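For reference, the chains in residue letters:
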Amino acid sequence: MATTEETQKPDAATATDEETATLEVFRYVPEEDDEPYFETFEIETFEGMTVLDALIKIRDEQDPSLTIRHSCRMARCGSDAVYINGTQRLACNTQVREVGDPVKVEPLPRFDVIRDLVVEMNEFYDRMESVEPWFQPDHEPETGEEYLQSPENRRNIDTVLDCIWCGACTSSCSPAATDSDFPGPAALAKAYRFYKDEREGEETRKRRLEMLESSHGIYRCHTQFNCTEVCPKGISPTEAIMEMSRDAVKEKLRFWR
Amino acid sequence: MSQDRRVESYDRGRIEDVGRWKDWAKHKPGMWAFYLHRFTGLVLSFYLVMHLAVLGTGFWLGHEEYTAILQGLESLYIVRVLEIGLFAAFVFHALNGIRIVMFDMTIGLDIQEQLFYLSIALSFAIVVAGVPFFLL
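Chains L and W, in that order, give the protein sequences.
Numbers 1 to 257, taken from the working numbering, label the letters of the first sequence in order.
Numbers 1 to 136, taken from the working numbering, label the letters of the second sequence in order.
One or more of the hints may lead you astray.
[What the hints assert, rightly or not] PhoX-like cross-link-like pairs, simulated, lysine-lysine; straight-line CA separation at most 20 Å:
| no. | chain 1 | residue 1 | chain 2 | residue 2 |
| --- | --- | --- | --- | --- |
| 1 | W | K28 | L | K233 |
| 2 | L | K196 | L | K252 |
| 3 | L | K196 | L | K250 |
| 4 | L | K206 | L | K250 |
| 5 | L | K104 | W | K26 |
| 6 | L | K206 | L | K196 |
| 7 | W | K28 | L | K104 |
| 8 | L | K252 | L | K206 |
| 9 | L | K57 | L | K104 |
[Said to hold, decoys possible] With the C-beta cut set under 7 Å, the calculated list includes, among others, these residues of chain W facing chain L:
| no. | residue |
| --- | --- |
| 10 | Y10 |
| 11 | K26 |
| 12 | K28 |
| 13 | M31 |
| 14 | T106 |
| 15 | L109 |
Simulated from the structure, these hints should not be mistaken for laboratory data.
Owing to the predicted nature of the structure, the values given are computational and were not obtained by experimental measurement.
From the three backbone atoms N, C-alpha and C, an ideal C-beta is built for every residue, glycine too.
Kindly produce the complete structure, drawing on both the sequences and the hints.
In C-alpha cells, the structure reads:
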C-alpha cells in the first residue's frame with residue numbers, strides 16, 4: 001500500500017494544488033459533542049464541482065456521519081442553504097473552485113443547529129406563516145368566472161414568486177436576528193406577492209398592509225440589503241418591503257390627496 | 001406561533017445571532033453604509049451634548065467667560081482636527097440620509113451600492129474642500 005502511494009506521488013504532486021480543496025466543515029452531533037467544532041477534509045475536485053458535490057463526496061468516502069439537507073441539487077428546492085466563506089449560499093449553486101481555499105462551510109447563522117449543517121427551520125416557517133401567505137379574495141367571482149389576473153399585474157410579482165424558502169435572506173438579516181416577531185425578508189417578500197395581487201381586492205389589501213405595518217413589521221427594515229445580496233434566486237426583498245412601506249405611509253398621510 | 005413543533009436543537013447564542021463580526025470582511029456595501037450611518041449618527045449626537053455644554057457656559061457664566069472658553073478651545077490644534085472629523089461625519093450622515101430617504105420613496109433601490117459609493121466620494125470631496133476653513 002505504502003509503496004504504491006509513494007510511486008504515485010510525484011505524478012500527483014504537480015496536480016495537487018490544482019485538483020484538491022480543503023473543506024472546513026462545522027460539525028455538531030448532539031449525542032456526542034457538547035460544543036460544535038470544525039473538521040478539516042481534503043478532497044479531490046473536478047471542473048464544475050459544487051460545494052454540495054464536495055460534501056456528498058466527503059460523506060461517501062471519508063465520513064458517513066456528515067449530515068446535510070439536500071434534495072434536487074439544482075437550486076430549485078432550497079434545502080441546502082449553508083454559510084460558505086462568510087456568505088449565505090446554496091451549496092448546490094456554489095463552485096468549490098470559485099469560493100477560494102479553504103472552503104469554510106457552516107450551517108445558516110442565527111438558526112439553531114440540529115446536527116452538523118442541518119438547522120432548525122420551523123422558526124423560519126413560523127415567520128413565513130405569520131404573514132398569511134395564502135390567497136384570500138374579498139369576494140367570489142361571478143358564476144362561471146375564474147379569478148383573472150391581468151398580465152401587467154402578474155409582472156409585478158414575477159421575481160418574488162421565485163422564492164424557494166431556503167432561509168438564506170432571513171439568516172443574513174440583522175433586524176430579523178434581533179427581533180423574533182419581525183417576519184424577515186422572505187416572509188415580507190411573500191407578503192408582497194399577495195399584497196400586489198389584484199384578485200384579492202381592496203379590503204384584503206388594506207388588511208394586509210395594516211397587519212404588516214405593526215412595530216415589528218415592515219418599518220423594521222434598515223435597508224442593509226443583506227437579503228438582496230444573498231438571495232440565490234435574485235429576488236430583492238428590500239425592494240418589496242420598501243414599496244409596501246411607501247404605500248403604508250401614503251395610506252396614513254392622506255392629507256395631500 | 002407554534003413553538004411546540006420545534007425540534008430539539010443547539011442554540012448558538014446571542015453573540016452569534018447578532019454579531020457575525022468575525023466575518024466583517026465579507027460584509028457588503030449596504031451593511032457598511034448602515035454601520036457608518038449609525039456611527040456618524042452617534043458621533044453627531046455626542047457632539048450635540050458637548051455643544052450644548054459649551055453654549056451653556058455663555059448662559060450660566062456670562063459673555064466674557066464664554067468668549068474665553070471658546071477662544072481657548074479654538075486655539076487648540078486638536079479641536080480643529082476634531083472639527084474636521086465632525087464635519088466629515090455630518091456630511092456623510094446627510095448624504096447617506098438622502099440615500100435612505102430615496103429608498104423610502106423606492107427610488108434607486110437597484111443602484112444602492114453605487115449610491116453608497118457616490119455618497120462616500122461626495123463627502124470626501126466636500127470635506128477636502130472644507131479643510132482650509134477649519135485649519136486657517
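Here is what the structure says about each hint:
no.	hint	verdict
1	K28/W - K233/L	holds (18 Å)
2	K196/L - K252/L	holds (18 Å)
3	K196/L - K250/L	holds (16 Å)
4	K206/L - K250/L	holds (12 Å)
5	K104/L - K26/W	holds (13 Å)
6	K206/L - K196/L	holds (11 Å)
7	K28/W - K104/L	holds (18 Å)
8	K252/L - K206/L	holds (11 Å)
9	K57/L - K104/L	holds (16 Å)
10	Y10	holds (4 Å)
11	K26	holds (3 Å)
12	K28	holds (5 Å)
13	M31	holds (5 Å)
14	T106	holds (5 Å)
15	L109	holds (5 Å)
Hint check: no violations occur; every hint is consistent with the structure.
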